[in-house]
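J.: All chains, please: the whole structure from these sequences, using the hints.
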Amino acid sequence: MLEIEYHALTDGKRGIEEERKILQTLLEEERNTFQKWNRTFMVVLESRKHKEQLQRDFDAVLAKSPFLDQYCPLSSQKRVCRPCPQDWEQFYSKCYYFSSEKKTWMDSRSDCIKQGADLVVTKSEEEQDFITKYTRDYNWIGLSDLETEGTWLWVDGTPLLKG
Numbered sequence: 001m002l003e004i005e006y007h008a009l010t011d012g013k014r015g016i017e018e019e020r021k022i023l024q025t026l027l028e029e030e031r032n033t034f035q036k037w038n039r040t041f042m043v044v045l046e047s048r049k050h051k052e053q054l055q056r057d058f059d060a061v062l063a064k065s066p067f068l069d070q071y072c073p074l075s076s077q078k079r080v081c082r083p084c085p086q087d088w089e090q091f092y093s094k095c096y097y098f099s100s101e102k103k104t105w106m107d108s109r110s111d112c113i114k115q116g117a118d119l120v121v122t123k124s125e126e127e128q129d130f131i132t133k134y135t136r137d138y139n140w141i142g143l144s145d146l147e148t149e150g151t152w153l154w155v156d157g158t159p160l161l162k163g
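Numbering (UniProt numbering), first residue to last: 1 to 163.
One thing to keep in mind: the hints can contain errors.
[Unchecked claim] Ranges between beta-carbon positions, derived for each pair:
{"#": "1", "residue 1": "GLU126", "residue 2": "VAL43", "range": "53 to 63 Å"}
{"#": "2", "residue 1": "ASP156", "residue 2": "THR40", "range": "56 to 66 Å"}
{"#": "3", "residue 1": "SER100", "residue 2": "THR122", "range": "14 to 24 Å"}
{"#": "4", "residue 1": "ILE113", "residue 2": "LEU45", "range": "47 to 57 Å"}
{"#": "5", "residue 1": "GLN53", "residue 2": "SER124", "range": "37 to 47 Å"}
{"#": "6", "residue 1": "GLN53", "residue 2": "THR104", "range": "46 to 56 Å"}
{"#": "7", "residue 1": "SER124", "residue 2": "GLU147", "range": "18 to 28 Å"}
{"#": "8", "residue 1": "GLY116", "residue 2": "TYR138", "range": "21 to 31 Å"}
{"#": "9", "residue 1": "LEU68", "residue 2": "ASP118", "range": "11 to 21 Å"}
{"#": "10", "residue 1": "GLY116", "residue 2": "LEU146", "range": "19 to 29 Å"}
{"#": "11", "residue 1": "VAL43", "residue 2": "SER76", "range": "25 to 35 Å"}
Derived from the structure by calculation, the hints contain no laboratory data.
For glycine and all other residues, C-beta sits at the position ideal for the given N, C-alpha and C.
T.: Written as structure tokens, this is what we have:
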């Protein structure tokens with residue numbers, strides 16, 4: 001009878017040891033899965049922190065740039081950037097605005113300066129042709145003799161070249 005109990009206990013012990021090995025394997029698999037998910041979570045968390053930092057940086061730049069809305073207006077929750085503000089025309093690397101309002105030379109120049117620009121200083125015949133194509137009844141250019149009567153200077157300070 002003791003022998004039967006001994007064998008029963010030994011068999012029970014073996015069963016428990018096998019079950020223990022299975023449970024240890026399952027536990028190890030669960031630890032590996034947990035570590036994998038934990039690493040994934042940390043990557044996502046860091047990515048989110050990085051995205052939030054980028055958004056803060058973008059907002060800071062946005063706040064510092066008063067002309068950003070002119071060049072990169074919001075369109076469907078995204079900024080669409082163009083080389084020139086809306087309603088301006090591009091010619092090579094310059095942007096031109098042709099106003100339909102009739103103002104004095106001084107008022108027109110003041111409006112240009114408020115927009116971060118100035119009246120046009122033409123540098124080539126090709127540029128003059130471009131400007132002529134968009135000119136309405138009249139438009140001002142950046143040429144005047146305000147400082148000295150008869151001495152024509154462009155708004156950038158260069159003299160008018162004749163010839």
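J.: Could you work out which earlier hints the structure fails to respect and list their numbers in ascending sequence?
T.: Structure breaks no hint.
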